[in-house]
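Student: Start from chain A and add chain B according to the hints.
From first to last, the protein sequence lines stand for chains A and B. Each residue of the first sequence is one higher than the one before, counting from 1 in UniProt numbering. Each residue of the second sequence is one higher than the one before, counting from 1 in UniProt numbering.
Certain hints may be false.
Here are the computed lysine to any residue pairs in the SDA-like style, where the Cα-Cα straight-line distance is at most 20 Å [as the list claims (entries may be wrong)]:
hint, chain 1, residue 1, chain 2, residue 2
1, A, 104, B, 12
2, B, 94, A, 188
3, B, 8, B, 59
4, B, 94, B, 134
Calculated from the structure, these hints are not laboratory results.
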Amino acid sequence: MARAISTKRKSVNTAIAGTLGFLMFFPILWILILSFKTEEDAIRAPLQILFDSGWTLDSFAAVQARSDYFKHFSNSVIISVGSTLIGLMIAIPAAWSMAFVPSKNTKNVLMWMLSTKMLPPVGVLVPIYLIFRDTGLLDSRFGLTIVLTLMNLPIIVWMLYTYFKEIPGEILEAARMDGASLREEVLYVLTPMAIPGMASTVLLNIILAWNEAFWTLNLTAAKAAPLTAFIASYSSPEGLFYAKLSAASIMAIAPILIMGWFSQKQLVRGLTFGAVK
Amino acid sequence: MGRITLEKVTKSFGDVEVIPPLDLEIEDGEFVVFVGPSGCGKSTLLRLIAGLEDVTSGQINIDGQDATDLPPAKRSLAMVFQSYALYPHMSVRKNIAFPMRMAGVPDDEQKRRIEAAAKALNLTDYLDRRPGQLSGGQRQRVAIGRAIVREPAAFLFDEPLSNLDAALRVGMRLEISELHKRLETTMVYVTHDQVEAMTMADKIVVLRAGNIEQVGSPLELYKAPRNLFVAGFIGSPTMNIFDGAEAAKFGAHTAGVRPEHIEVVSPEEGYWTGTVGVAEHLGSDTFFHIHETGLAETITVRAPGDVAYNHGDKIGLNPRTDLVHKFDEQGLRVQ
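So here's chain A without its partners, still in its complex pose (with noise of 0.2 Å):
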């Protein structure tokens, strides 16, 4: 529908929304911008900073010479693909029950999953400590592939369950009239047609595990450590590592801020999927 709005509505609307956008851009031009300082330029006025003494990779080099990077960057991919593939085939099944057999409690039962991400992480971090210190899960990417695949299980499924809900009922059953098994009808049908969605659920639930902190940092010490924690030695007490802490900040963020700008696409089309028929 066609609405008129005008101009000068339209160029205030424009100024306000590039304000927003580079309001929230800010800290991450920051950060780029200090990590290709010395450490000196980096603690200077602020105002300076584009036009002091030199641009230098130093800090890069500083920073893959103390820690290695590429450790951390294989940990964080394993434990980021790795509990959204665990957390796939939960909750494929899951969702498609949900989307299609439901039953009177269905929604208590989203509502329930959903619940458990009220919880404060914090609150069960003593009890999940001490089972992995028990079980020996301490500082490995098993356990911390586990945990993260508990934590994000729940907007997966909530997310599946509203994409398969936009996938009519009457082509499933078309499928199991045609003589497809629940495993054909779910693999050759509904899994192909609900590509945008899963699609997004993937990106969205690396996204989600590669940034993720909280867990990270206090399960791990050195074997496992995935880029959160390499990050994290740099913000250290003992002294002002400002442009080291930004070239390893840049370095951990670069390659979920690569394959999100790649994704943008196929993200915002699965995040809106269902909102305009």
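Tutor: Frame of chain A, contents of chain B only:
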């Protein structure tokens, strides 16, 4: 083969019984139409036969075998849905091939059957398109194609033409009828449109609130409706129904006469008289909606197209007394 029998089949959703105990026989090769107003249970009945819903009690036999607990895939039935239910991510070819792929039909046989079906349904040029690129009529043909290639014991149609526009609907109606003549396979067809029921069926099953009101050939239902509900439901325009003194003259509690069985004459010659409310000129026919007859609020009469009366004209009406339908207090037909 495709003989389907239902024995004392019931279906309840929670405490609500939508199909009370029901018996029905569908012979091999028959074209059976379930017809009734919306909510009468006709689609539920079809879904019970398909296996998409479980019966609450009773038994469904297909070709003499108890199929009550078989999953849909094992009943060798094919179904065409109102919404076509095509797989949007597959080409037309893959849509049609899907049931054969599931059944493990060899590739060259698949190819042969797809080509035969596409030829029969005028889909040859569209085989590589996606359903989204087809018109409603073409989509419905794909759905039929997908059903044909399975070579099922019976076809089930769930209001397949409801989503098509009027002109296309007539065309598809003929195509389905021709298909039935050619394949001689049992077809069970659900519709709320009595014209579709009359034109296509070998046998019509009229349903109301899950109960079978009457089973019979289209002409049996037209000529001898068993009760007032069937009388009012079958025939277009609907039968004129009246009671009281005028009905008593025919020896009935309630009487009915079809619009085509009333002749329009001058007021002096008429058995009844009335005033024209609306005259609908269709060219071949004219439908007069007549008031002030003393029978019912409006009496509909079907007259030849050249009979010219207009709003407010006084006219006389002569019913064909041998074709007046008579019903008793319970609304059941009196011979």
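Student: Does each hint hold? Answer for all of them.
Tutor: Outcome of the hint check:
1. Annotation: proposed proximity of residue 104(A) to residue 12(B) holds, straight-line Cα distance about 16 Å (limit 20 Å).
2. For a cut-off of 20 Å, the pair hint linking residue 94(B) to residue 188(A) stands: about 11 Å separates their Cα positions.
3. About 7 Å separates the Cα atoms of residue 8(B) and residue 59(B), which keeps this hinted pair within 20 Å; it holds.
4. For the hint pairing residue 94(B) with residue 134(B), the CA-to-CA distance comes to about 15 Å; that is within 20 Å, so the pair holds.
Hint compliance for this structure: no hint is broken.
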